[in-house]
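Below, each chain spelled out in residue letters.
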Amino acid sequence: MKKWERAWIGGLAVLIFLILWEAAMPLGLVKVADISRPSLVAKAFVELAVSGEVFQPLVISLKEFLVGFVLALIVGIPVGIVLGRYRFFSMLFDPLLMALYTMPYLAIMPLLVVWFGVGLGATVAVVFLGAAFPIVINTAVGMREVDPVWVRAVRSFGGSEWDVFRKVLLPGSVPPMMTGIRLGVGRGLLGMVVSEMYASTEGIGGLIGLYGNSFRTSELIALIAVVSVLGFVFVDLMRRLEGWVNKGRAEAQW
Amino acid sequence: MVHIDLRQVMVTFPQPDGGEFLAVNSFDLKVEKGEFVTIVGPSGCGKSTILSVVDGLIRPSGGEALINGKPVTGPGSDRALVFQEFALLPWRTVESNIMLGLELQHKVPRGKIEALVSHYIKMVGLQGFERHHPHQLSGGMRQRVGIARALAVNPEILLMDEPFAALDAQTREIMSAELLRIWEQEKKTVLFVTHSIDEAVYLADRIVVLSGCPGCVREIIPVSLSRPRNLEIKDEAEFVRLRRHIWGLLEQEAQRQAGGRAGS
Amino acid sequence: MVTLAHLYRRFDAPFLGTLGLVAALCLWEIASRLKWADPILISSPTMVAVALKNWAVTGALWRDLGTSLWELIVAFGASAVVGIPLGVAMGWNRPAEYALDPFVWLLYSTPLVSFWPLFIIWLGIGVKAIIALAFLFSIVQIVINTMAGVRNIDPVLIRCARSFDARTIDLFFKFTLPGALLMIVAGLRLALGRALIGVVVGELFSANAGLGFHISYYGAKLRFGDVFASLFVIVVIGVATTQLIRLFEARLVSWKS
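Residue numbers (the working numbering), protein chains in the order written: chain A, 1 to 254; chain B, 1001 to 1264; chain C, 2001 to 2257.
Do not rely on the hints blindly, as some may be mistaken.
The calculated lysine-lysine pairs, modelled on BS3-like cross-linking and capped at a C-alpha distance of 27 Å, are [stated by the list, open to error]:
hint, chain 1, residue 1, chain 2, residue 2
1, B, 1030, B, 1112
2, B, 1234, B, 1107
3, B, 1122, B, 1187
4, C, 2053, C, 2035
5, B, 1122, C, 2256
6, B, 1112, B, 1122
7, B, 1107, C, 2256
8, B, 1112, B, 1234
9, B, 1122, B, 1070
10, B, 1070, B, 1107
11, B, 1112, C, 2035
12, B, 1122, C, 2035
Chain C side only, calculated, beta carbon under 8 Å to chain B, not exhaustive [what the hints assert, rightly or not]:
hint, residue
13, 2029
14, 2060
15, 2151
16, 2162
17, 2164
Hints listed in this document are in silico derivations from the structure and should not be mistaken for laboratory results.
Bear in mind that the values here come from a model prediction, so they are computed numbers and not experimental data.
Glycine residues also receive a C-beta, built at the ideal position from the N, C-alpha and C atoms.
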């Protein structure tokens, strides 16, 4: 019974929320503009799905996201390793990186649109920018914070620099690296939607902008739900991956 | 006069898989008023659980725990607990940590708290550190704060849950001598849990030796060493005999826990 | 010579860090001057400086800065006022946590900017919608941090409180709240950064004043010096406000040193 407490209380809360929402407009509980109703949103969702209108933008969005994100991994992890491994480089680049990291990457949208073109280019660029920074920084921090006792252990057994790197630093920095990747996913997705809403009429963000401009609240909320689920699936996937990596490690220590 | 009376105390904890874990099985002990009793035994023998039962933090699943003949229903101001982890509030100063128990029990008026606190600061030898925070203190000093905090509420019974286990060996010796000095002044009833045989013998009027099975008493050993005691007493023949005897009782279990083979 | 080497060894981190920053700026300037890339598209540090100066001289900078700061303060303040009690409730009370959990996690993983068109429909284009977006960006972080802070209090301290037979109100005000304070303030610091992003993005989409508006306005005119000037001001605000909270954090943990 205790095991299910979280599920049923949470489910009940969501149910109550939906009922209140459904009843709010007909009963005149809200004075603001159109907040739609769950039933209308569900209908809009089914219509969007049946007509297939939502799928092509979704595919475009996913493609843009994945290209940007994979690029961020390919660039971010090696850069993070170099910065974490070599004090010289980290001292040289840390302030520059931090300055760029504090800059809201979403704010340079107008520049990206001009540099990389509306659509695929700008979106890939903003996803890349959003995801790369946390990956670089967390990887570097992870390499630096590996327990020096392990390094001493490998050295004392006559291990080479390469051994230290391969057997201690690299595996030791995986958990923070995973945290960086998870943060990168969230920032990348946000960048994707912002870019599509700002500049292009393509992708799921473009569709949201389209229905927003025509004040079709039900379709709009249905699309927000799609984006929410997308975000939730990605973040949850990363969280599971992270938990799985960490769990494997906790057990491996015994 | 019997102060603490534990009768057939049994404690079980529910397990996530639906089963039950037996932590203490039918434990009997009577402690006299003003007596210093130590409980010694291997890890996981239910020592700390027994202490929690007396403190009222854990309700026994079977049997009963009586204080002055009345059943324990929950924590009360007649008992105070000293923690292995010190359990000091890191954002409070030494002074205000010692005040904590008095504040929480709302029994002593505000105006009188300060005098009480400075009295106990003096007793545990922390003058000059009143405004320090726990982070600035050594382990031994932190536990002095823990002891002062417990004494400040003027309990009849002092419950000590491996209070010196987190300290280094030398500090431990000094702290147990300090504890005896304070106890000679205050004459509280003390129930002291430890896994150090040395500590158990050095401090106790009686030693309860537990064995591996949860809460099973192997033997209750009266200690006839004279009081007041100082650290030299550890060289006396009687002390050495008691220590050897208890080690004999615990060796098998200790060997098993250390991963060695029992016996020779 | 010996002393120079010694000085270098002692201050190598700030020295190299400054070098890195300066080198990057020089590289940017040179790339622009020698037309390695179109100067209109990449601008240059001197162009940015000039743009910044003109922006300040005309007084428009102060108007834009004031607008953005006002939106930031209102959104952040409101999210703290609502978010901290919510987080405390979730950390303190299991059923409250279970009930609110689905909403918080959904909001946490949703790209929140997708709510923007809804805010426009409800609140109209302008300051209100921008504040709503920034509020949403900010509150999620505050709730999550506050909840974690309240939840993650050292169990030994709880045992100590129970052993002293503490009243619930004492447990809350003497143990839980001070124990969670650091996490709450750290949450506020992160939330402030998120609120700033919310303000800038909202202004980017639709505004007639503010730093984000400055970016989109001059971005459309391809005057990238002005765009970078605005980015610079945004970074300054972000760093300054974050540092302010960090100072406060340092005072809070004065007991640690």
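These are the hints, each one checked on the structure:
Between residue 1030 of chain B and residue 1112 of chain B, the direct Cα distance comes to roughly 35 Å. Violation of the 27 Å bound is thereby established for this hinted pair. Using a Cα cut-off of 27 Å, the hinted pair residue 1234 of chain B and residue 1107 of chain B is violated, with the two alpha carbons roughly 41 Å apart. Restraint check: the Cα-Cα separation between residue 1122 of chain B and residue 1187 of chain B comes to about 17 Å, which is no more than 27 Å; the hinted pair holds. For the suggested pair residue 2053 of chain C and residue 2035 of chain C, the alpha carbons sit about 24 Å apart, so the restraint of at most 27 Å is met.
A C-alpha spacing of about 24 Å is found between residue 1122 of chain B and residue 2256 of chain C, which places the hinted pair at or below 27 Å, so the restraint holds. Between the alpha carbons of residue 1112 of chain B and residue 1122 of chain B the distance comes to roughly 16 Å, so the proposed pair stays at or under 27 Å and holds. At roughly 31 Å between alpha-carbon atoms, residue 1107 of chain B and residue 2256 of chain C are farther apart than 27 Å, so this suggested pair is violated. Only pairs whose Cα atoms come within 27 Å are accepted, and residue 1112 of chain B paired with residue 1234 of chain B is rejected, the gap being roughly 41 Å.
The straight-line distance between the Cα atoms of residue 1122 of chain B and residue 1070 of chain B is roughly 34 Å, outside the 27 Å bound, and the hint therefore fails. Between the alpha carbons of residue 1070 of chain B and residue 1107 of chain B the distance comes to roughly 21 Å, so the proposed pair stays at or under 27 Å and holds. With a C-alpha separation of about 80 Å, the suggested pairing of residue 1112 of chain B with residue 2035 of chain C is violated against the 27 Å cut-off. This hinted pair does not check out: residue 1122 of chain B and residue 2035 of chain C have alpha carbons roughly 78 Å apart, beyond 27 Å.
Against a cut-off of 8 Å between C-beta atoms, the interface hint on residue 2029 of chain C is violated, since the closest Cβ of chain B lies about 49 Å away. Interface hint status for residue 2060 of chain C: violated, as the beta-carbon distance to the closest one in chain B is roughly 46 Å, over 8 Å. Because the beta carbon of residue 2151 of chain C sits about 18 Å from the nearest beta carbon in chain B, more than 8 Å, this interface hint is broken. The criterion of a C-beta within 8 Å of any C-beta in chain B is met by residue 2162 of chain C, whose closest approach is roughly 6 Å, and the hint holds.
With its C-beta approaching chain B no nearer than about 4 Å, residue 2164 of chain C sits inside the 8 Å limit, and its interface hint holds.
This entry does not satisfy hints 1, 2, 7, 8, 9, 11, 12, 13, 14, 15, going by the numbered hints stated previously.
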